[in-house]
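Order-wise, the sequence lines are chains A and B.
The opening residue of the first sequence carries number 1 in full-length UniProt numbering; numbering runs sequentially from there.
The opening residue of the second sequence carries number 1 in full-length UniProt numbering; numbering runs sequentially from there.
Hint data in this document are derived by calculation from the structure and do not stem from the laboratory.
Predicted, not measured: the structure shown is a model, and the values here were computed from it.
Treat each hint with caution, since some may be false.
Unchecked claim - Which residues of chain A face chain B? A partial, calculated answer using Cβ under 8 Å:
| # | residue |
| --- | --- |
| 1 | T38 |
| 2 | S72 |
| 3 | I91 |
| 4 | G92 |
| 5 | A99 |
| 6 | T120 |
| 7 | N122 |
| 8 | L146 |
| 9 | C147 |
Said to hold, decoys possible - With a straight-line cut-off of 30 Å between C-alpha atoms, the simulated DSS-like cross-links for lysine-lysine are:
| # | chain 1 | residue 1 | chain 2 | residue 2 |
| --- | --- | --- | --- | --- |
| 10 | B | K75 | A | K158 |
| 11 | A | K158 | B | K323 |
| 12 | A | K101 | B | K352 |
| 13 | A | K16 | B | K323 |
| 14 | B | K79 | A | K81 |
| 15 | B | K252 | A | K101 |
| 16 | A | K101 | A | K81 |
| 17 | A | K16 | B | K252 |
| 18 | A | K81 | B | K328 |
| 19 | A | K170 | B | K79 |
| 20 | B | K79 | A | K101 |
| 21 | A | K23 | B | K110 |
| 22 | B | K205 | B | K223 |
| 23 | B | K352 | A | K158 |
| 24 | B | K252 | B | K205 |
| 25 | A | K158 | B | K79 |
| 26 | A | K81 | B | K352 |
| 27 | B | K328 | A | K16 |
| 28 | B | K328 | A | K158 |
| 29 | B | K377 | B | K75 |
| 30 | B | K377 | A | K101 |
| 31 | B | K110 | A | K158 |
| 32 | A | K81 | B | K75 |
| 33 | A | K101 | B | K75 |
| 34 | B | K328 | A | K101 |
| 35 | A | K170 | B | K75 |
| 36 | A | K48 | B | K373 |
| 37 | B | K252 | B | K377 |
| 38 | A | K158 | B | K324 |
| 39 | A | K101 | B | K110 |
Even for Gly, the Cβ is constructed at its ideal location relative to N, Cα and C.
For reference, the chains in residue letters:
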Amino acid sequence: MEESANQMSLAVQQSKTAYDNIKERFGDAISEFDANPTMPFFEVLDTKRWVDIALHMRDNSLLRFNYMACLSGVDYPEEGKLGIVCNFESIGHYAHKIAVKVKCPRDGGSIPSVSCVWHTANWHEREAYDMYGMVFEGHPDLRRILCPEDWTGYPLRKDYQVQETYHGIKVPY
Amino acid sequence: MQELGKAEANSTRIIRQDDKRVIIEKDLDTEYMVLSMGPQHPSTHGVLRLECITDGEVVVEAEPYLGYLHRCFEKYCEKVDYPAIVPYTDRMDYLAAMNSELAYCITVEKLLDIEIPRRVEFIRVIVAELNRIASHLVAIGTYAIDLGAFTPFLFCFRDREHIMSLLEWISGARMLYNYIWIGGLAYDVPADFKKRVAEFVAYFKPKAKELYQLLTENEIFVKRTYDIGIMPADVAINYGWSGPMLRGSGVKWDLRRNDPYSIYPELDFDVPVPDGKFSVIGDCLSRHLVRALEMDESLKIIEQCLDKMPEEPNFNSRALIPKKIRPKAGEVYGRAENPRGELGYYIVSDGKSTSPLRCKARSSCFVNLSAMKDLSKGQLIPDLVAIIGSIDIVLGEVDR
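Model the full assembly from the supplied sequences, consistent with the hints where possible.
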């Protein structure tokens, strides 16, 4: 174990320290730490606690993840799930970075919204909803953002079929 | 969008006048009105519609509507292989295509874990910084147009033209370069590259000073931007702002310094942040000042790169580029400091296919624009134009 810890780069070690803090507080609600060198992450297993974890990450004096750099929706067809991947860091406090994954069932699944924790999540969650169709519970304004509001289907799902016509206009051309 | 109806009776509305807040209207029975701004609004540089609810001349709320340009960047990325995405990233932020390419290429290189020749790194930084200057020139020029000044626009476009022709000479294209490739460059720079870039730097230095004076010592310009659209630092961070927008709020955060990539750690440059003497920290003027000062820093960077750039005989910039790019399974979030802020790519590779399983572009304009609702509250309609202009949006990046 110790040997593998030595091989970790400084950035991954910092993420690991941040992860240990969250793990201590939330225990089984989150998965083990994935210490890959390109994007260290952990997964939230108990989706209901995502907002609590988010608040802890933002407000704990040892974490201060005040900056959400990115939130991307992802489709996991083989697991039957949809998910989001969020990248966090701390501006003006610490140099650590971490990514968090939250998943929900592919059909009618929902993820708690964190747009009250980081304002930037508001539009990112709308985009993830627009492209993948997961519902963000508690989102103040969950509407499509890039597609028209009466568009059918969620374009970035792996099994997406383009609708034939839209208001009498041929779509795939 | 909230229900329309009568505005609050007996409300007092505060309207700015000569930097002092004075109450101009009282006890008037007024109604809210919906006003659509755009999609052809001049300061949107593309297509954006703002649905404003106005109370007289005051904006109660402005809600941006996007999607007019949406051309499915992320869907397209899942269909083609890694190198074929590079030209498409150009079309996202078409005013700073080199920077967009650089961000994408360093992200894929991170996933591939390959070493880049030093000469390539220097050329990349030079073209990226040249493009940053060009982009800021457009930002400043069109911002002046938004506020009614035409001459600075002509000055900016005259100087930008030099960069355009320089980059065209290097890459063969005027705006959409496809020059930085994964692992290297499309081709090495022409023979007297250093000389011509040095000539441009010498030409542009006094022009930058002139441009700075032309706008920031202009009373009308300052009055139109001073104390307008203020964003406090902590809210800006919470909104995920980056680039000149975040630095305009007084946060010293630049990815070239705080999450360094390429050869930036070896270079000496400052990160300009407003000091509050000349502008209110976080207002439109601060954001303009940051852009104006950043051009000087870019010139500094280019000069240093020209000095340090190694000359390698028979240099082949494509030698390292693998024939088929197939990264090992994994995921990566890579980013670079664009003229408009942080441009990040989240890429998932399954290890078997030559195209990404998922490629998300995190564009700075999309994130910066999401704060529009907060920024516009209680502002006057003409100030709204100043605020949109100060965000410096490129809609190709917002809609992707």
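**Prompt:** Under the criterion that the straight-line Cα-Cα distance not exceed 30 Å, is the pair K328(B), K158(A) satisfied?
**Reply:** holds, 21 Å
**Prompt:** Between K158(A) and K324(B), is the straight-line Cα distance small enough, at 30 Å or below?
**Reply:** Holds, because 24 Å separates the two Cα atoms, which is no more than 30 Å.
**Message:** Would the hint linking K252(B) and K101(A) be met if the CA-CA limit is 30 Å?
**Reply:** Within the cut-off at roughly 29 Å; holds.
**Asked** Can the restraint linking K79(B) and K81(A) be considered satisfied, given a maximum Cα separation of 30 Å?
**Response** holds, 21 Å
**Item:** Hint check, T38(A) versus chain B [nearest Cβ-Cβ separation less than 8 Å]
**Value:** holds, 4 Å
**Asked** At a threshold of 8 Å, is the proposed contact between S72(A) and chain B supported by beta-carbon distances?
**Response** holds, 4 Å
**Holds or violated: K48(A) to K373(B), with C-alpha atoms at most 30 Å apart** = holds, 29 Å
**Request:** For the hint on L146(A), just tell me whether its beta-carbon gets within less than 8 Å of chain B.
**Result:** holds, 4 Å
**Asked** Is the straight-line distance between the alpha-carbon of K101(A) and that of K352(B) 30 Å or less?
**Response** holds, 23 Å
**Request:** May I ask you to test the interface hint for N122(A) with respect to chain B, counting a Cβ-Cβ separation under 8 Å as satisfied?
**Result:** holds, 6 Å
**Prompt:** Does the structure keep K328(B) and K101(A) at a Cα separation of 30 Å or less?
**Reply:** Satisfied, since the Cα-Cα distance of roughly 20 Å is no more than 30 Å.
**Request:** Quickly compare the C-alpha distance for K16(A) and K252(B) to 30 Å and report which way the hint goes.
**Result:** Holds, at about 26 Å.
Consistency with the previously given hints fails for numbers 13, 29, 30, ordered from lowest to highest.
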